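Visitor: Chain order of the listed sequences is A and B.
Just so it is clear: in the first sequence, position 160 is 160 by my numbering, and no numbers are missing.
Just so it is clear: in the second sequence, position 520 is 520 by my numbering, and no numbers are missing.
By construction, these hints were calculated from the structure, which means they are not laboratory data.
Note that the coordinates shown come from a computational prediction; the quantities given were computed from them, not determined experimentally.
Every residue, glycine too, gets a C-beta built ideally from N, C-alpha and C.
Check each hint, because a few of them may be wrong.
Pulled a few chain A residues facing chain B out of the computed Cβ check, cut under 10 Å [as the list claims (entries may be wrong)]:
id : residue
1  : 124
2  : 125
3  : 194
Stretch-level coverage of chain A by chain B, calculated; a stretch enters the list once three of its residues show a Cβ under 8 Å from a Cβ in chain B [said to hold, decoys possible]:
id : segment
4  : 63 to 76
5  : 219 to 233
What follows is each chain in one-letter form.
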Amino acid sequence: MNTNPTRRRFLALSAAATALLALPVRAQGDILRLAFIPQENPQKLLGDIGEITGWLSRATGVTVKGFVTIDHAAAVEALRNGDADISFMGALPFALAEAEIGAVPLLSEVYRGAPNYTGRIFVRRDSGIKTLADLRGRDIAFADPISESGYLYPLAEFEKAGLIDGPGNARAFFGRMFFAGGYQQAMQAMAEGLVDAAGASQYADLLLSPAQQAEVTWIAESDTIPSHVVIARPGLDPALQARFVAAMLRLNEQENRHRLQYLYGPDGYVAADPAAYDGVRAMARRYGLMK
Amino acid sequence: MRRSFLALVATLLLGAGLAGGSGTALATPAKEAPWLPEAASYRLTLFLGNLAPPPWEDIETAWSEPYRGSEFTQGALTWLDSQSELATAPLTAAIGRKDRQAVFAEATRLVARRIEETLDRALSSETPADAQRAVAMARQLYRAFADHISAADPDGARALGRAWLELASATGSTGVLGAGAVAPDRDTMETARAVISDYLGANYLVDSFAPRARLSAIPESVARSGADVDIPNTLPPGSDIFDQDPLPKLVLNFEEQGIDEADLPLIAYGDMLFDSPEIFSGPARELGISCSTCHNRSDINQRFFIPGASHQPGAVDVDGAFFNPMFNDRRNDPIDIPSLRGLRFTGPYGRDGRFASLRDFTRNVIVNEFAGDEPTPFMLDAIVAYMTEFDFLPNAMLTGDGQLTAAAPDAARRGAAIFNRPLAGLGGASCASCHVPGANFLDRKAHDIGSVQPAYDGARAGALDTPTLLGTVYTAPYFHDGSLPTLAAVVAWFDDTKALGLTATERADLTAYLETVGAADAPYEVFDDENTPFRLAFSELTTFASTLDTLLPRKDTRHILLLTDTVASDLAADASTMGNLAVRPEIYALADRLAQVGTAVRMGDWTAANAHWATFKSDADAIQAKAF
């Protein structure tokens, strides 16, 4: 579910910070409620929400309120029961939310000119590792077991290469397989020589120091993965939905681009293409995450 | 010209501090991830505690207030009070006693206990999510020690690194929306935690620490062994050596005349030296600090800040304890970094005009302030040749002899009359008596205007060199210590301290005049899809390299190696800032090619050096043609 490393920092939501979680206001006709997933410093996230909802209120002409949920499941539950109208999440959580409650994709984040990205297998340039087959019996660090670019998609490259039959026997192929907790941790473990390879977003090497970046390369790249998506609950008033989408697309305009930093920091948004998620849906089924 | 104006997006969570890489210094710093409050305070304590004399007030503040730029609103002590059961009184008592060794011991044990406390929470967590958050936090706390362990005990660091990896991996996963959940592997968590805790117990939770001449987080077992550890120089949390944003416009006399810097090898070499940390030594070199770190684009780096060396952004004490202990004057007297625009007109040099010669001033900066080796005459010639090309920013509201043009506002015209009016409070002189409009608004003399507190009774050390007023709209704050935030504040200061008797309108008019004199038509570099920051950097670095056309035939080994060491590493570092990431491998290969020139020169193989240089040039041309 991770996307771009420059945008998604995985600072813990501390126990104290959970007290900051706001309760959503029950659905009102003239209020649009946004559910945010906590992936930043909670204090900063709350400030960001205030900035962006204030602007969206002015841009849409309706009151826009935001609140922080505890996790994806809570955000989807809020969408299901009408406590939230809109939320922001990765492609995999969206695919699951779509299957579970009929969530609707509205907008895709754009990063470096595209609404998608890839996962890669990174190695140190001096490791002598040139192909995926060279990693047999070697150690690898992935980001997280439910990360699209930090596990699911890179691992699928080993399947394509005929090196594993599926995720179930991946551990038998590698010497050790770790889930490091994020792109940063996986990449650092590889760069520092703690493991031989890392599976992470195509941009994850930008999380390394400039010197380290020059010392690493990648040997395999996955199919494209849709970037994070802005989703709506099923049944949201089409007119309200259209006003929200129009306002969000104004964030692409030069004078509004600075506001993107309050929304996880993409380069912009485009209208979401539901078909773009077919690969994610298929991947979720193959990994047993979705029926 | 300065290249490292790109704040890299890298967030170095596991590294410690703004650190130079090992080996050759890099002039491109990487932005680091936020520090947890207590880890930040610890690193600040180590850094400040190594200054002589230790700035005890700053050390106390390091624990009581958030570090500069922190994402946390609380200082470490308040944070710990809300987050931890640990007592902080022993630490604050040690700070109160100004007992350096005791502060080190208490702070070290506090951080180690915080790691243990957080690991306890991880092990007792009921859900993978809680365990992951606790492990992530413990790892961020461990960051306070990590780079020093790596330097002192590489095998131990590796074992700990694997333990952290095992621990994180064993926390399991909450899955997503109920799918893909993985239960924690508690046995593995316990085993991995034991590796970490055993190491902390043996090295950071000891009853007494051996006396530390240099405060560091190296393990106690290594410290007691007396092993010579090469501890990496890092800047503490809150430091900022990134370039300005927006990036100032650099006005070079030759460039404005359409002359290519590649055709001016002495100036191009001086430009390279201006950007080279290699001409310094010690912390400056290791941290990638060069002339342009403070004087980027001939302007002031208003964000430059190093705790203990800067009292505010844009200021630094260059004769303090950090950069060159030999030159430490043991006086806490940071000064506002001056602009170098129009440098050939602004002598004498130094805030008090102590150097008549720019060459002497430059040597003092290199050798004394930043501990560099004695520069060669060629190096001094080159860097002075480059710096004397710095021109003032063009200003359409001002003529060459300092008169207002028709483009100037009326308020400025009224202000000009006040500026040129003899004032009793100035002893019958006018503002223009010192800031001579026809002489770039300065008089090349030092005056005591009462802005400097005497260092002792009877001291006559308050005279400062008259600064130019050109370009000053962009050089705030003002005065030698940066004590006045705006030009309006400068006017008010003179009016108040010199009893000028100005009305509010006159103050406003005089300020308008200063703002007009200090304005510029285009003060900042404008980037777009064509003129990108990396393209500018690439062009500058290849221009630097062009001096090899002159140096290789002369077999000038020392100056060639200075160039290749500087430019090859910077070229590779700047590749990480490229928008066109697909071309990065070619930039790395190009940097390697330049490094090979240096390697061949070190071996005395001039044929190979020339061959590598020829390949570099053709490869650079090819990249230039397709990469942008």
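Visitor: Looking at the structure, which of the earlier hints fail to hold?
Guide: 1 and 5
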